[in-house]
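Engineer: Work out the full structure, taking the sequences as your base and the hints as a guide.
Take a look at the letters that make up each chain.
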Amino acid sequence: MELTVYEQEMLDGKYGEGYQLAMEVLVQMGELYGAKRFLPVRNAHIDAAAYTTIWDAGTEFLEFLADHDVKVPQPTTINPISRDIVHWKELGQSEDFAMKSKRMEDAYIKMGVIPTWTCAPYQCGNLPKFGEILSWSESNAVNFVNSVIGARAERLPDLMDVCCAVCGRVPEYGHYITENRRGDVLFRLEGFDDTWFNDMFDYSVLGYYIGEAVINKNPVIDGLPESTSIDQIKAFSAAAASGGAVCLFHVVGYTPEAPTIDAAFQGWTGYETKIVTPADLIEMKRKLDTAHQAKHKELSIDGHPAEGHVDMVLIGCPHASFVELQQVADLIKGRHVKDGTEFWITTSRTQYDLACRAGIAEILSESGVTIACDTCVMELEEGNRWEHQTFVTNSGKVAQYAPGINHVFIKMASTEGCVHAAVTGQFPEEVHK
Amino acid sequence: MIIKDYGIIVPGTVSAKALASDMPLSFWGGVDVETGVIQDVHHDLCTQNMAGKVLCIPYDRGSCSGSGMIFEMIRQGSNPAAILCIEAEAVLALGPVIGKKVYGRSMPIRTVSVDVLEQIKTGDTVTFEEDSIIVLSD
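From first to last, the protein sequence lines stand for chains A and B. Note that the first sequence covers residues 1 to 433 in this note's numbering. Note that the second sequence covers residues 1 to 138 in this note's numbering.
Hints listed in this document are in silico derivations from the structure and should not be mistaken for laboratory results. The C-beta atom is built at its ideal place from N, Cα and C for all residues, glycine as well. Be aware that one or more of the hints could be misleading.
[Stated by the list, open to error] Below, in silico cross-link-like pairs of lysine-lysine (BS3-like), each with a Cα-Cα straight-line distance of 25 Å or less: (1) B:K17 <-> A:K36; (2) A:K102 <-> A:K89; (3) B:K17 <-> A:K110; (4) B:K121 <-> B:K100; (5) A:K14 <-> B:K100; (6) A:K110 <-> A:K100.
[What the hints assert, rightly or not] Pair by pair, the computed Cβ-Cβ distance ranges are: (7) A:E31 <-> B:D5: 20 to 30 Å; (8) A:E226 <-> B:L136: 51 to 61 Å; (9) B:P11 <-> A:E95: 42 to 52 Å; (10) B:T122 <-> A:E387: 26 to 36 Å.
[Unchecked claim] Here are a few chain B residues that face chain A, going by a calculated C-beta distance under 7 Å: (11) Y6; (12) A16; (13) G29; (14) G30; (15) G62; (16) C64; (17) S65; (18) E72; (19) R75.
Structural biologist: Here it is as structure tokens:
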């Protein structure tokens, strides 16, 4: 790679061993992926924040950097950690585990990282500009800012994201390069009536379907309704990055690099067209729903038969926005979560504070909803407190990961269906049959 | 089978039994970091252990945290002996790159075409030589 004077100095150790180590990693990674040079960044978001994602090895790496007085040179936000910094005890976490998280938090704060602890930084004050070069990680967030905003980001691996953030540089590869932002496959939605795409849940299922179909290619989607909201496209983005490794998608007439199909494909006409029908998404949802397997475990809680009984309702993956919190509050106001069922919403402390100001947090809390901030149910201690239980969720990302991490069964539902499940303790009716 | 046409993402030689699937895998959420056992219920290798094996998968997918998982697996010794895939994005390569710097331990990664990868079955012996990959059927 060709380095500037400043980059070469970092590599040579002029600014200390911390920057040197980070730069060594970046040069090696850049060369592996064919980068000729680095691009300077003015905006970073770090993924490697939860103890349950980078463990002791990652913690030691961070402490090495922090102990060598490394500071991030640009505003840098960061992902959820493995605890709610205020209510970790009430949420059942052990002192030992909370302190493992705190070690990492301390290292990041020493490096000057802004402690947002959220996986939706684009709804928490870090909103990039069109075309801006970003050092971002977190699969849902990278996909969102690349696609919905048209900023330039790549799926930086955990710890490489840290190295990029401390050096203020990203290797020029992947989706930083204009040609690599061209659409690869066209997905045309056909046969969907107005009962579809009114809720984040349909977007989650579609996202997972397309992610699994393209893996790491750039899908172009034609046929989503004009009413598609930011939270709905957020759900799509997260699911596409979980079902596959999608880093950039184009929605024709909606995302900024795709005013037309032709623009999405940068004039290229050799693309394949795939038709997506309601039957495809109903089949996809059946695959993600694992709740029917729960009955074989002979679970019975409070006399309920296991099938159809809801142990936990989970909303907020990615972290719920103010608008999502408001939507749930409107649906649940005056009702209460059923005994024997939990209802958790995970969000950032910033959104939570806004919800407090608007009286929304109070409504949720009076209705028996647990609001967990700074963290994620899939990044809490490996206590498996929900083991063998059944989760109802509107998130495709939860449907992908929670069965493996939390050892739970999944039933996907709309936001309204999630609230129904929480107050009745029973599965909601299928929206699409 | 002797393979001459391959790419080297992370260098190194190794010989071990294959653990093979045609499904992509997310290391975060998909693998138990202490044992190397695959825990993704949607994956056909679920409950199989990748530690010490040559993991043959087409791609990784999902979370960017896969790299942190592989780095910790290298620290603990629960990592695969090597990865053989069609495309190795940076999430797979970063763990061995940092592992080599911090702990002096790496994990070779090579890429082959889909036609070659499909011929490798679980239980085959896969050897990364300096100038070839040799696959002996189980």
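Engineer: Now look at each hint and say whether the structure bears it out.
Structural biologist: Verification of the supplied hints:
For the hint linking B:K17 to A:K36, the alpha-carbon distance of about 37 Å lies beyond 25 Å, and the restraint is violated. Restraint check for A:K102 and A:K89: satisfied, since their Cα atoms lie roughly 14 Å apart, inside the 25 Å limit. Between B:K17 and A:K110 the CA atoms are separated by roughly 44 Å; this puts the pair beyond 25 Å, and the hint is violated. This hinted pair does not check out: B:K121 and B:K100 have alpha carbons roughly 29 Å apart, beyond 25 Å.
Between A:K14 and B:K100 the CA atoms are separated by roughly 23 Å; this keeps the pair inside 25 Å, and the hint holds. For the given pair, A:K110 sits about 16 Å from A:K100 by alpha-carbon distance, which is consistent with the 25 Å threshold. Taking 20 to 30 Å as the suggested C-beta distance range, the pair A:E31 and B:D5 conforms, at roughly 22 Å. A:E226 and B:L136 have their C-beta atoms about 58 Å apart, which keeps the hinted 51 to 61 Å range intact.
Range check, B:P11 to A:E95: Cβ separation about 43 Å, and the 42 to 52 Å hint holds. For B:T122 and A:E387, the hinted distance range of 26 to 36 Å is satisfied, since their beta carbons lie about 28 Å from each other. Proximity of B:Y6 to chain A is violated relative to the hint, the smallest CB-CB distance being about 15 Å (cut-off 7 Å). Annotation: interface hint on B:A16 violated; nearest CB of chain A at approximately 22 Å, more than 7 Å.
At its closest, the beta carbon of B:G29 sits 4 Å from a beta carbon of chain A; the interface hint therefore holds under the 7 Å criterion. Annotation: interface hint on B:G30 holds; nearest CB of chain A at approximately 6 Å, less than 7 Å. Of the supplied interface hints, the one on B:G62 holds, with its beta-carbon coming within about 5 Å of a beta-carbon of chain A, less than 7 Å. With a least beta-carbon distance of about 5 Å to chain A, the hint placing B:C64 at the interface is held under the 7 Å criterion.
Taken as an interface hint, B:S65 checks out: its beta carbon lies about 4 Å from the nearest beta carbon of chain A, inside 7 Å. Taken as an interface hint, B:E72 checks out: its beta carbon lies about 4 Å from the nearest beta carbon of chain A, inside 7 Å. The interface hint given for B:R75 holds, since its Cβ lies 4 Å from the closest Cβ of chain A, which is under the 7 Å cut-off.
When held up to the earlier numbered hints, the structure conflicts with 1, 3, 4, 11 and 12 and fits the remainder.
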